[in-house]
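Undergrad: The residues making up each chain are set out below.
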Amino acid sequence: MTMQHASTDIAFRTAQVVDGLKDLEGPLLPILHELQEEFGCVPPEALPVIAEALNISNAEVHGVVTFYHDYRNQPAGRHVLKVCRAEACQSMGGDAIATQISRALGIGFHETAKDGSVTLEPVYCLGLCACAPAAMLDGEVIGRLDAGKIDEIVQEVRS
Amino acid sequence: MTVTIYIPRDSGALALGAEKVAKAVAREIEARGLEASIVRNGSRGLYWLEPMVEVATEAGRAAYGPVAAKDVASLFDAGFMEGREHPLSLGDPEKIPFLAKQTRLTFARCGITDPLSLEDYEAHGGLAGLRRAVAMAPLDIVTTVTESGLRGRGGAGFPTGIKWKTVLDTAAERKYIVCNADEGDSATFADRMIMEGDPFVLVEGMAIAGIATGATKGFVYIRSEYPHAIATMRKAVEVAREAGVLGVNVLGSPNAFDMEIRVGAGAYVCGEETSLLNSLEGKRGVVRAKPPLPAIQGLFGKPTVINNVISLASVPIILDRGAEFYKDFGMGRSRGTIPIQIAGNAKHGGLFEAAFGLTLGEIVEEIGGGTVTGRPVKAVQVGGPLGAYFPPSLFDTPFDYEAFTAKDGLIGHAGITIFDDTADMLKQARFAMEFCAIESCGKCTPCRIGSTRGVETLDKVAAGVEPEKNLALVSDLCNTMKFGSLCALGGFTPYPVMSAIRHFPQDFTPKAMAEAAE
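Residue numbers (the numbering used here), protein chains in the order written: chain H, 14 to 172; chain D, 2 to 519.
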C-alpha cells in the first residue's frame, strides 16, 4: 500500500478503474473508493484522468475528493486506528481513553507515527454504542476499550 | 443429528470477541469429533450478554453469555450441545426479561436466523409481504402503508405512505428508491443490526416500495464506518437476485426491480436526505434547498422515495399482516413499534423494540437498568448528536414524536445515550457545536459559521468571561441556527446546546467552574 507508484502507472491504472466503473449511475464515489483501495489514497495525478473520462472539470473532482473525510491525499500508516469520539463513547470515559491511546502511540489525532506504523484518526460513531468506548483497527471492530485492550492494540501496530 | 450452534456475526458481538469464540467452538467440534454446525447469526441486541452463543436443542434454544474464547472448552465439557447448565447459562433466550418484554415486528428474525439464508428467511415469515404486494395494485400498496400510520424512522417522522403517494403520482420514465443507511448518529445502531442480522427484510421492503411507486432501481447508501453491514448487504442482494426476488420479474411477476449497494465516505451530513442524493450522484454532499421535494425531483432529478432502513424494513410485515395489525401498536399519531437503542453508560445496553408510549424513565431505569457505573443518571441524550439532553425530572415523557416535540426534544432515530453524574454538560454543549462545525457541509451560513462561533462563545463561558452575557449570545445564536439553517444539522444543533443550558444551569455557572478548576 505504501509502495511508490510512478505517475504514469497511476494514470494508466486510474484509466482502467474509471473504465470499469464509469457506466454506473453516479460513478465518482465508487471510482474514488477503488483508487484509495488500490493506492492507499486518491493520488493527485489521478484527478485529471477522472475528470477527462467523466467529462467534468478538475475542480469538480477536487471538490468532491476534499469534501469527504475518508479520502486521503497520501497513504496512511501501515495500520489505521479509528477511535470513536462521539457521545455514547464519551459517556463511558471515551475522552480519557482517547488521550491514553494517543499517549501510548506517541501521536495525536490526524497524525501518522514517524516510523509509518500507524495513523490515528477520530471517528464519529461506529454503531457500537452499547459496547462503548469503541475503536476500529484496520476494519476490525473493538468494543469496551480499556487499558488491557489499548496495550493489545499498541502491540499489534508495533509488531 | 447435527446440532446447530449460533454465534453472532454482528459488529457489536465481533467487537466483544465473537470471532475468537467462533474459532474456538469450531476447534472443539473438530477435536471432539462432534456433529455440529455453526451458524453466524445476527445479534438479538442484548449487548451486555454478547457474545451470546445459542444452541438449538430439542427443547428449543439455549443461550449462554457473555462467552469468551477461554470459556468454550468448559461449555462443551458441561454439555452445552444438549443445552445443559453452565455458569454462563441464560436459559431460553426469549424468556430473558429484556427480550420477553419486547414487541419484535421489524426485528422479528434478527438474531434468530442465518442472515444470508433465503430459505431461513422464508421459513420465518420472510417474503410474505412481497408476495402480497406483487398481486396488488400500486395504489393499494401505498394505501396500506399510509393506513398503517408508519412514519419515517430516520428522525423526521414524516408519514411514509404520503411520500410514496407523491412518487406514485409523479409521472417519469425512471424513478428510484433510495435507502438512507448513513446511520451516523451516536447511540444508534438499529440500521446496522438489521443490515447485518436480517438483510433480506430491507431488500424485501425496497422491492415493495419499488412496486408501489413504479420505481425500478434501488440504492442503499451505507456509511463506510459499517464494513460488515456493507459486506452482508452486498451478498444479500446477490442472493436475492439469483433467487429472482430482484430482477426483471420480481418473484415471477411483471414488476422489475433491482438494487445496488453504495458506500459513503465519512461525511455525517450525508445522512441528510438531499446531501445523500448529491453524494450518490457523485457530488459533494452538500444540502439541497427544498422544494423541489425529492419525491418529485430527487436522484438525478427523478422522482425518488428516500426512506430510512427501519422504515423500509418495517414495510414487509405491514404488507403481510395488514395496516390494522401494525396500527394497533403505539399511541396518538405514533403508530407501530420503534426500535429503541439504549447506549452509552447503560447497565443493559442494546436494542429494545416496543410500541410507542413507554416513558423515558421506564426505558432508562427499568429496561436499561440505569448506569453500568452504578452512579446516578444525570442526563440522557435522545436522538443522537442533534437531540436534546433530558434530566431525570422529565423522565415521565412518553416515547412519542409529539410528546418529545412538546418538551423541546426529538425522538430522532430513537437512540438514547445515558450519562452518569460525572458528565459535564457545558462540555457536552460545546461538543455539539464542535461536531456541527466539523460536519457542516458549508452551504448555509448559520451552520457553517454559527457552529464555530458557538464553540468560541462556550469556551468563553467556560473560562468565566462574562458568562451571563455570553450565554445570552449562545441562546441568540442558537435561535439563528434553528430558524436560519437549511437542514437539520445546523437547525437541530441548538437542541443539545439549549437543553443542556436549560436543564443543567449549574454546569454553566462560574461557581461550578471554579469548583471544577480546583
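Any given hint might turn out to be false.
Unchecked claim - According to the in silico footprint, chain H covers these stretches of chain D (three or more CB under 8 Å from chain H):
hint, segment
1, 71 to 83
2, 199 to 206
3, 210 to 217
4, 268 to 280
Unchecked claim - Simulated crosslink set (DSBU-like; lysine-lysine; CA at most 35 Å straight-line):
hint, chain 1, residue 1, chain 2, residue 2
5, D, K303, H, K35
6, H, K162, D, K470
7, H, K35, D, K102
8, D, K483, D, K408
9, D, K166, D, K470
10, D, K102, D, K71
11, H, K35, D, K236
12, H, K127, D, K21
13, D, K21, H, K162
14, D, K284, D, K348
15, H, K162, D, K71
16, D, K470, D, K408
17, D, K428, H, K127
18, D, K483, D, K284
19, D, K483, D, K166
20, H, K35, D, K483
21, D, K284, H, K162
22, D, K444, H, K162
23, H, K35, D, K284
Unchecked claim - Some residues of chain D that are not near chain H, with every Cβ distance over 12 Å (derived):
hint, residue
24, M137
25, R285
26, P392
27, D397
Hints were generated in silico from the structure; no laboratory data involved. Source: prediction; values computed, not measured. Positions of the beta carbon are idealized from the N, C-alpha and C atoms, including for glycine.
Undergrad: All hints are to be evaluated individually against the structure, with a verdict given for each.
TA: Checked hints:
Counting residues of the segment 71 to 83 of chain D whose CB lies closer than 8 Å to any CB of chain H gives 0, so the stated coverage by that chain is violated, three being the minimum. Under a criterion of three residues with beta carbons nearer than 8 Å to beta carbons of chain H, the stated coverage of the segment 199 to 206 of chain D fails, only 0 such residues being counted. Only residues whose beta carbon comes within less than 8 Å of a beta carbon in chain H count, and the segment 210 to 217 of chain D has 0; fewer than three means the coverage is violated. Check on the segment 268 to 280 of chain D: 3 of its residues sit with their Cβ under 8 Å from a Cβ of chain H, so the three-residue criterion for coverage holds.
A hinted pair counts as satisfied when its Cα atoms are at most 35 Å apart, and K303/D with K35/H qualifies at roughly 20 Å. Distance hint between K162/H and K470/D is unfulfilled; the C-alpha atoms sit about 45 Å from each other, more than 35 Å. Between K35/H and K102/D the CA atoms are separated by roughly 50 Å; this puts the pair beyond 35 Å, and the hint is violated. As the CA atoms of K483/D and K408/D are separated by approximately 16 Å, the hinted pair is consistent with the 35 Å bound.
Of the supplied pair hints, the one linking K166/D and K470/D is violated, its CA atoms being roughly 49 Å apart against a limit of 35 Å. For the given pair, K102/D sits about 32 Å from K71/D by alpha-carbon distance, which is consistent with the 35 Å threshold. Taking the CA atoms of K35/H and K236/D, the gap is near 22 Å; set against the 35 Å cutoff, the hint holds. Under the criterion of a C-alpha separation no larger than 35 Å, the hint pairing K127/H with K21/D is consistent with the structure, at around 32 Å.
About 15 Å separates the Cα atoms of K21/D and K162/H, which keeps this hinted pair within 35 Å; it holds. In summary, the hint linking K284/D to K348/D is not supported, as the alpha carbons are separated by about 42 Å, beyond the 35 Å threshold. A distance of roughly 16 Å separates the Cα atoms of K162/H and K71/D; the hinted pair therefore holds under the 35 Å criterion. Taking the CA atoms of K470/D and K408/D, the gap is about 26 Å. The hint holds against a cut of 35 Å.
Restraint check for K428/D and K127/H: the C-alpha separation of about 32 Å stays at or below 35 Å, so the hint holds. Simply put, K483/D and K284/D have alpha-carbon atoms about 26 Å apart, close enough for the 35 Å limit, and the pair holds. For the given pair, K483/D sits about 30 Å from K166/D by alpha-carbon distance, which is consistent with the 35 Å threshold. A hinted pair counts as satisfied when its Cα atoms are at most 35 Å apart, and K35/H with K483/D does not qualify at roughly 40 Å.
Between the alpha carbons of K284/D and K162/H the distance comes to roughly 39 Å, so the proposed pair goes past 35 Å and is violated. Straight-line distance between C-alpha atoms of K444/D and K162/H comes to about 41 Å, which puts the hinted pair past the 35 Å bound. Restraint check for K35/H and K284/D: the C-alpha separation of about 15 Å stays at or below 35 Å, so the hint holds. Its beta-carbon lying about 28 Å from the closest one in chain H, M137/D satisfies the requirement of being farther than 12 Å from that chain.
A beta-carbon of chain H is positioned within 12 Å of the beta-carbon of R285/D; the least distance is around 4 Å. Look at P392/D: its CB is around 15 Å from the nearest CB on chain H, clear of 12 Å, so calling it non-interface holds up. Residue placement check: D397/D keeps its beta carbon more than 12 Å from all beta carbons of chain H (closest about 22 Å).
The earlier numbered hints that this structure contradicts are 1, 2, 3, 6, 7, 9, 14, 20, 21, 22, 25.
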